Amino acid sequence: MAWFKKEKTPIAAGAKAGARVPEGLWIKCPSRAKALYHKDLEANLRVCPSCAHHFRMTAADRLRSLFDDGWQEHDAGLASTDPLGFTDTKPYRERLRASQAATGLLDAVIVGSGTLDGIPVVIAAMEYAFIGGSMGVVVGEKITRGVERGLAERRPVIVVSCSGGARMMEGALSLMQMAKVSAALARLDRAGVPFLSVLTDPTTGGVTASFAMLGDLNLAEPKALIGFAGPRVIEQTIRQKLPDGFQRSEFLLAHGMIDVVVDRRELKGTIAKALRFMHAPA
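Going by this note's numbering, 27 is the number at position 34 of the sequence shown; the sequence numbering is gapless.
No wet-lab data here; the hints were simulated from the structure.
Remember, predicted model here, so these are calculated numbers, not experimental data.
Treat the hints with care, as some may be off.
Claimed, not checked - In the DSS-like style, the derived pairs of lysine-lysine whose C-alpha atoms are separated by at most 25 Å in a straight line are:
1) K21 / K216
2) K261 / K216
3) K234 / K216
4) K32 / K21
5) K266 / K216
6) K32 / K261
7) K32 / K234
8) K216 / K27
To be verified - Ranges between beta-carbon positions, derived for each pair:
9) Q229 / R25: 26 to 34 Å
10) G17 / A45: 19 to 27 Å
11) T82 / G223: 15 to 23 Å
Don't be surprised by glycine CBs; every beta carbon is placed ideally from N, CA and C.
All chains, full assembly: derive it from the sequences and hints.
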């Protein structure tokens, strides 16, 4: 029995009616407390030109920054059916509807195929604005189908992670996605098709514990939070003070957990060089 259904993709919510002053013209850099003109920030891939602070990107913007000239989206109509009928402070169905209205997506990942610097690839980008980019049945299914498409067409697969981990509202069904995606990646590995994992801020929980760390090359953006449990939980468990920069990408690089830290503005070129080194078809 499928735990998802196909629906038409909803239209993103528009601007507030009657607003006299355009919203979002300026944005403050949290690193330098400096006001940045929104259009200049977007033109710089949402990286502060003064201090290189990396703002979060939407999944669609992420795909636009990596693909050459657009892409073909796959499985956009998959949506959760709330298999457990879950309710905490409010019903899960209401959370889904609110996130769908806010993002224009049916769930927390977009999967598409196209070319990156002329190289045919499949890319999955996670959307943090959709329930914290959490991985439920639909996210696991879409990424798995993307990996299988890469295997069938012998296209390298790239997954851009931005997630709080497995989605608790789908219980064990969400945890099963860790094994499902990992098994698909094992088949991709046996076929000799490259898989590159890009870890962004944040990448935590069950996503880190599964496919995010399984890349032939694991890349991360500067100062991205990457880990399983949060620092506060770890400190309470081990009763020790954690070192400065713990669970940031630079710390993980120094301790051999990832392969390279890459500025977002150089990410596309770095991935292209890596794929050509891996003899990906061009």
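Results for each hint:
Distance restraint check for K21 and K216: the Cα-Cα separation of roughly 18 Å lies within the 25 Å cut-off, and the hinted pair is therefore satisfied. Distance check on the hinted pair: K261 and K216 sit about 18 Å apart at the alpha-carbon level, within 25 Å; holds. A threshold of 25 Å between alpha carbons decides the hint, and for K234 with K216 the separation of about 20 Å falls inside it, so the pair holds. For the hint pairing K32 with K21, the CA-to-CA distance comes to about 13 Å; that is within 25 Å, so the pair holds.
Proximity of K266 to K216 is assessed by CA-CA distance (about 23 Å); at most 25 Å being required, the pair is judged to hold. Between K32 and K261 the CA atoms are separated by roughly 21 Å; this keeps the pair inside 25 Å, and the hint holds. The hinted pair formed by K32 and K234 fails the criterion: a straight-line CA distance of about 41 Å is larger than 25 Å. The suggested pairing of K216 with K27 holds, with an alpha-carbon distance near 19 Å, which does not exceed 25 Å.
Range check, Q229 to R25: Cβ separation about 32 Å, and the 26 to 34 Å hint holds. Here the CB-CB span from G17 to A45 is close to 22 Å, well matched to the stated 19 to 27 Å. Remark: the range hint 15 to 23 Å for T82 to G223 is upheld by a beta-carbon distance near 20 Å.
Figure legend: structure checked against the earlier numbered hints; the only hint not met is number 7.
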